[in-house]
Amino acid sequence: MNKWVKNIFIFIVILIFISAFSSSYSSLNIDNLTYVLAIGIDSGDDNKLEVSFHFSNPIPAESSASEKSSPIINTVTASSLSNAINLVNGYQGRQLNLSHCKVIIFSEEIAQKGISDEIYTLINDTQVRPSANIIISKCNAKYYMNQIKPEIENLLSRYYEVFTESSKYVGHMPDATIGDFFNSLICNTCEPYAILRWN
Amino acid sequence: MVKSKIGTIEAIMLILTIVVAHSVLSMPTNILSSYKSASILNVIYVSIIAIALSYFIYKLLKNFPSMDIIDISELVGGKVFKNLIGTAFIIYFILSSSLMLRNFSESIQILYFPMTDITFIITLIVIAVAIANRLSFNATIKTNVIIIPIALIGLLFLFFTNINRFVPQRIFPILGEGAFNTFILGLTNLASFGGIAYLYFLPPLLKDVTKFKKITLISIIATAVYLIFTIATLLFIFTFFTDVNEISPLYTATRYIEFGSFFQRLESIFLLIWILVFACYLSIVVKFSMNIFQKITGISNKKPLIDIFLVLILSIALIPKNLAISQSFESKVYPYLMIGIVLVLGIGILIFANIAKKKQIHNANTKSLENNSKISEYSGKELTNE
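Taken in order, these protein sequences are the chains called A and B.
When the letters of the first sequence are read in order and numbered with numbering that gives the first Met the number 0, they come out as residues 0 to 198.
When the letters of the second sequence are read in order and numbered with numbering that gives the first Met the number 0, they come out as residues 0 to 385.
One should not assume that every hint holds.
[Stated by the list, open to error] Using 20 Å as the maximum straight-line C-alpha spacing, the simulated SDA-like pairs for lysine to any residue come out as follows:
1) A/K5 x B/A129
2) A/K167 x B/G259
3) B/K320 x B/V310
4) A/K5 x B/K320
[What the hints assert, rightly or not] Incomplete in silico selection of chain B near chain A, CB under 8 Å:
5) T86
6) L110
7) D116
8) I117
In case anyone wonders, no lab produced these hints; they're calculated from the structure.
Glycine is no exception: its CB is placed at the ideal position from the N, C-alpha and C atoms.
Can you build the whole structure from these sequences, using the hints too?
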């Protein structure tokens, strides 16, 4: 009898935990997430931001080796970066995930106004990696994202990851990560720097 | 009373568990935000004091071999005093561990289970600890001997893999916000050496009590070295922990480890190790609390206490409304609780006990001298009569 009660108790505990953690499984599932490869931030009307998200293209595995992925870029206008993420989450079927975001692009116009609010938002987001690069584009961030067409790399995600590698052997391209940028932004004796691109 | 005894290495690892578990939470952030560039200097200064204090504790405990602070407090002030001291230490252990469990669970929730209720995460850890505690104490201690070295190697790995990002100039200005802040206000940082509290209860648990000196010194020195490495890693990499409310600074540091594009995101491994460390820490806390409770109540079977203490931990962990409240306990209440109960009360009892023992010995000596002189007088008189 005692054994029966014990087994029933264990069964109930297992059931409770399965139901409790089931929401986590469904929300953090690869089928329910959209991976953002790059974020572009431009200044919009009425002091708002025009935020563009470059998504990874979910091509079937058989065709990925030969086909080049075409960019999927979604742009929203919002008062802040977090609002922009919420907006996209609102109308997209899948939840946005920034854990594979390799590049954050700011237009020169917005960079001149100051980007510390956006950097704070990004650094406090647990999904954003400190190794994501910061780019200041002379043109529009959205235009810059549309123009990226790597000739050697098949995958855009791979291109975003390796394009700063040249900083190891050439002086033209710095490796300007968001982690270093934020460190320098807060430090009293340092100056933050980013990659400047014309395109 | 205690059937399972622990060896030297096991005892050292037990003391180290406390600092490793605390360092995963906001303890390093509190040090860095309070002492800024003088954090390393402060940790070295506090470490010297902690080593001196633990040696002093060893010296005071030496006169009471195989006795813990509960037995000693009974000698000093009788049963009522023993019960009071026992209750104070149980409150300290349970309160600090449950609020640290809340902080740790909040971090796990933010990082991996954003959609899960915090109650379930805390309950899951508590159930794991309940199962571990149902086994013998040796099970926890031996798991500790495996997990803690891995955690220590992990810290060294973290230090050396991030060494290329280090800016050693961040230790300047060397005195941070001034000598008063670093050396006088900085004394509250003694709370980082929470392992000292467990030294009071170790002697009866040891296989060889003569090794207590070795255990005390090695464990506190190892704690100091661990703290210095932790603070150095964070201070040399980051400038921002004073401005950003990060979940766990060590976790943030692990996110910087990368070996090319193949070995990235090693933070998950670190988090797994820290979860195991935290489970061991809670097991130790429950075990020590049960031992104290058994001593003050005199109950024969302490196994039913496991569930009671764990339900207590679970309930206290659920009291804070949010992470900010439980973090403010860690930064504002815990240091004073530790210094008040562990250092002031603990050492105070030991000093009184030593004075009382010396008086007892002195009285016994004078009595025996008086007796001897009486005997000699008596025998002298008898001789003259004859």
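Comparing the hints with the structure gives:
Of the supplied pair hints, the one linking A/K5 and B/A129 holds, its CA atoms being roughly 15 Å apart against a limit of 20 Å. With a CA separation close to 12 Å, the supplied pair A/K167 and B/G259 stays within the 20 Å bound. The hinted pair formed by B/K320 and B/V310 meets the criterion: a straight-line CA distance of about 18 Å does not exceed 20 Å. Of the supplied pair hints, the one linking A/K5 and B/K320 is violated, its CA atoms being roughly 34 Å apart against a limit of 20 Å.
Using the Cβ-Cβ criterion of 8 Å, the hint placing B/T86 at the interface with chain A is not satisfied: the shortest such distance is roughly 32 Å. For the restraint placing B/L110 at the interface with chain A, the shortest Cβ-Cβ distance is roughly 6 Å, inside the 8 Å limit, so the hint holds. A distance limit of 8 Å between C-beta atoms decides the matter here; for B/D116 the minimum to chain A is near 7 Å, and the interface restraint holds. A least Cβ separation of about 11 Å between B/I117 and chain A goes past the 8 Å threshold, and the interface hint is therefore violated.
Consistency with the previously given hints fails for numbers 4, 5 and 8, ordered from lowest to highest.
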